[in-house]
Amino acid sequence: MADPALTMVWAGILAFAVFMYVVMDGFDLGIGILFSTIKVGRERDTAMNSIAPVWDGNETWLVLGGGGLMAAFPLAYAVIMSALYAPLIAMLLALVFRGVAFEFRWRDPAHRAFWDLAFTGGSFIAALTQGIMLGALLQGVEVQGRAYAGGWWDWLTPFSLLTGASVVIGYALLGTCWLNWKTSDGTQAHARRMMRVLAPLTLAAILAVSLATPYLGNEYFQRWFSMPRVLFTAQVPLVIAILTWRFVRSLRRNHELAPFVITIAVFGLSFVGLGISMYPYLVPNSITLDAAAAPASSQAFMLVGAAVLVPLILAYTAWSYWVFRGKVEHEGYH
Amino acid sequence: MFHDADALLLARIQFGFTISFHFIFPSFSIGLASYLAVLEALWLRTGKPVYLDLYKYWLKIFAVVFAMGVVSGIVMSYQFGTNWAVFSDRAGPVIGPLMAYEVLTAFFLEAGFLGVMLFGMRKVGRRLHFFATLMVAIGTFISAFWILSVNSWMQTPTGHTMNADGQFVPAAGWLPIIFNPSFPYRLVHTVIAAYLTTALVVGAAGAWHLLRDSQHEHARKMFSMAMWMAALVAPVQIFVGDQHGLNTLEHQPAKVMAMEGHFRSHPEGAPLILFGIPNDEEQRMEHALEIPRLGSLILKHDLDAPVAGLDTIAPGNRPPVEVVFWSFRVMVGLGTLMLILGACSLLARFAGKLYEWRWLKRFAVLMGPAGFIAVIAGWITTEVGRQPFTVYGLLRTAESASPLAAPAVGASLVAFVIVYFTVFGLGSGYLLKLMSRAPQPHEPEPANAPSHAAGIMPAPALAAARQEGNHG
Chain H
1 MADPALTMVW AGILAFAVFM YVVMDGFDLG IGILFSTIKV GRERDTAMNS IAPVWDGNET
61 WLVLGGGGLM AAFPLAYAVI MSALYAPLIA MLLALVFRGV AFEFRWRDPA HRAFWDLAFT
121 GGSFIAALTQ GIMLGALLQG VEVQGRAYAG GWWDWLTPFS LLTGASVVIG YALLGTCWLN
181 WKTSDGTQAH ARRMMRVLAP LTLAAILAVS LATPYLGNEY FQRWFSMPRV LFTAQVPLVI
241 AILTWRFVRS LRRNHELAPF VITIAVFGLS FVGLGISMYP YLVPNSITLD AAAAPASSQA
301 FMLVGAAVLV PLILAYTAWS YWVFRGKVEH EGYH
Chain W
1 MFHDADALLL ARIQFGFTIS FHFIFPSFSI GLASYLAVLE ALWLRTGKPV YLDLYKYWLK
61 IFAVVFAMGV VSGIVMSYQF GTNWAVFSDR AGPVIGPLMA YEVLTAFFLE AGFLGVMLFG
121 MRKVGRRLHF FATLMVAIGT FISAFWILSV NSWMQTPTGH TMNADGQFVP AAGWLPIIFN
181 PSFPYRLVHT VIAAYLTTAL VVGAAGAWHL LRDSQHEHAR KMFSMAMWMA ALVAPVQIFV
241 GDQHGLNTLE HQPAKVMAME GHFRSHPEGA PLILFGIPND EEQRMEHALE IPRLGSLILK
301 HDLDAPVAGL DTIAPGNRPP VEVVFWSFRV MVGLGTLMLI LGACSLLARF AGKLYEWRWL
361 KRFAVLMGPA GFIAVIAGWI TTEVGRQPFT VYGLLRTAES ASPLAAPAVG ASLVAFVIVY
421 FTVFGLGSGY LLKLMSRAPQ PHEPEPANAP SHAAGIMPAP ALAAARQEGN HG
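Same order as they appear, the protein sequences are chains H and W. Letter 136 of the first sequence, counting from 1, is numbered 136 in the numbering used here, and no numbers are missing. Letter 288 of the second sequence, counting from 1, is numbered 288 in the numbering used here, and no numbers are missing.
Any given hint could turn out to be false.
[Stated by the list, open to error] Residues of chain W placed beyond 10 Å of chain H at every Cβ, according to the derived structure:
1. 46
2. 50
3. 179
4. 181
5. 215
6. 224
7. 241
8. 253
9. 267
10. 301
11. 312
12. 351
13. 357
[Stated by the list, open to error] Examples of chain W residues lying across from chain H (beta carbon under 10 Å, computed):
14. 81
15. 86
16. 94
17. 112
18. 116
No wet-lab data here; the hints were simulated from the structure. Small disclaimer: the values here were computed from a predicted structure and weren't measured. The beta-carbon is built from N, C-alpha and C at its ideal position, and this holds for glycine as well.
Build the full structure now, drawing on both the sequences and the hints.
Printed below as a string of structure tokens:
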């Protein structure tokens, strides 16, 4: 029924969608996480305005990730979503607060402080729960037959809290990098100060998660350290080390775009690392990609659309970013 | 410890609650996006400032509605998995791709062009900006297309077969799945409902301001446009609704029996039950006020045609009549009022008193929320009427749910109720506040907008663009 090649293609497309989400909503959420540290008034407004035209599109990748998973790997979608029930609902509610704050804070000046808090809190909880879900998935979920069989608090472990905190830190770093690129004056200076704290924290978080993961069991150790795989997998930390050095250099030279690009590359490598850990499973140790795959007819039907539409989406998304290129102004169109 | 039945009921309440809330926003934004496209097109064509002012006025409202639609919509895309895991696993290969197409063809299109629509007029110029508005409007329609196809397939499943894992999978092509028997009717009926809903809101806002100043140019324009919509579209909607009902009679007779309150079969002509108290437990209609034979005339276009009742349906397959019977009457009643409003406006228009008759304006204000209520009532009719199935006749609701624990679902339901009432309650308040201010010439930034909005407020950009337009 399922076709292995098509299944791989869809695994690739979904991985791409999730990565797009992580990077693009990552900096949106990161700005949200840092929002309460940004000075009220011009600086906050500038930070918000730098993402107001694009956040909706960025968040749409999350919908593609969820919808695509249901379509291409319905069994995995069913199992994962019920296993992660509590953090997932918390994330959705947090995204409600985060999303409406974009509009509401301008509509209700008397309660702007409240909506700013909703923006920060929503962004923080969304990032935290996304990280927790990643950890909960990595440590494995209990499956019986075609259904989740674990308890309602299985997701909560020291490891999932570690990944949760890591994602919060990483998103915050992405947010500062975005502000460093898109804003000037006070907002930019603040972002640069925060970057100097968040960059080493991010590195420490990546290190901690990388060290903890092989000891979760689930054959992660073999996937990373068995010969000859280790010759390939060792490149991942190596490149991260090189990128770290480039990042430090770009900070010293006050580059504006480079830290953002390098951080995305580090996120990309971490993502590859996750792929190495998980493949060929979609739900570690219980459901492989092939077992979860929808029939070839479903995957093929979507692939026709995706092949045409994803490039088109990327094109007009890029155009939309291009329209709002350059530094965000304080004064707008007066 | 766990009560499966409670968990199932809670999951159903949660889905019904979140989707009813969500449905309010797209039923407004689908219509409003098209209205904005029309306004901008009229402005580009005629150069009349009134259209631009109205565009700017409704754009601010659209931004708030759209944001609420987006955040409540994301919840829906995940709730299939969290609460209806078995359904997702089994129906995923059929409905999943349709929802993926919705994301790829509609959500990205809306989101990609929304930023330019809201903030980009100064940056891209008038024609490209109109293009962005158009893309957003088309996106809302495409979104309705796919999600209603999914819903219709669940109502009238065709084109599928079953695999060894018990999953619904496409039998041959995708066209029989997408264009399943109830889809064309449902699509037209729902999209027209969205247009009517928007027209009633726009009309109510116009009427509200006309009651204060019957000479107000902008209020007159939007009131007049909305009343044209009501007058022309309400009768069309009633016709389409009738066709949709006949389609339902063909494919889901039990739903129509519940709508009509026909517990009993009527071998020689069924009455039309206007009102009554349905009693599901004893399967009978109490205190029925009915017109003999009219039911047969409406359903079968023949006074003496036999009409089957719920007594012909196996007891385990009957939908709850108490809900469906009343929600259907609410929808039909409001539809009739819309028809009357449209007719009255025509009367006033031909009498040359469209802006003078105060009772008409008051009527229009009262009808402002009618579209939303009718949409939700219609939705309840069709969804509850499908029970006890998720995939009609093939997969029971009781068999569709995730392995649920009542406390977990109960807690999430409470959270949804609190958050939704707070957030969307406040949001609706902001919408009313925006609408309570009349649109003005050179539509300025609202008083509550920051002076340094840096692109958040499209008003100055549009004003500047208009000046350019006037000069050039």
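The hints, checked one at a time:
1. 46: 24 Å, holds
2. 50: 22 Å, holds
3. 179: 14 Å, holds
4. 181: 20 Å, holds
5. 215: Residue 215/W clear of chain H: closest Cβ-Cβ about 29 Å, beyond 10 Å.
6. 224: Non-interface label on residue 224/W holds, nearest chain H Cβ at 28 Å vs cutoff 10 Å.
7. 241: Check passes; 30 Å lies beyond 10 Å.
8. 253: 31 Å, holds
9. 267: 45 Å, holds
10. 301: 40 Å, holds
11. 312: Residue 312/W clear of chain H: closest Cβ-Cβ about 35 Å, beyond 10 Å.
12. 351: 39 Å, holds
13. 357: 33 Å, holds
14. 81: 3 Å, holds
15. 86: 7 Å, holds
16. 94: Result: holds, 7 Å to nearest chain H Cβ.
17. 112: 5 Å, holds
18. 116: 6 Å, holds
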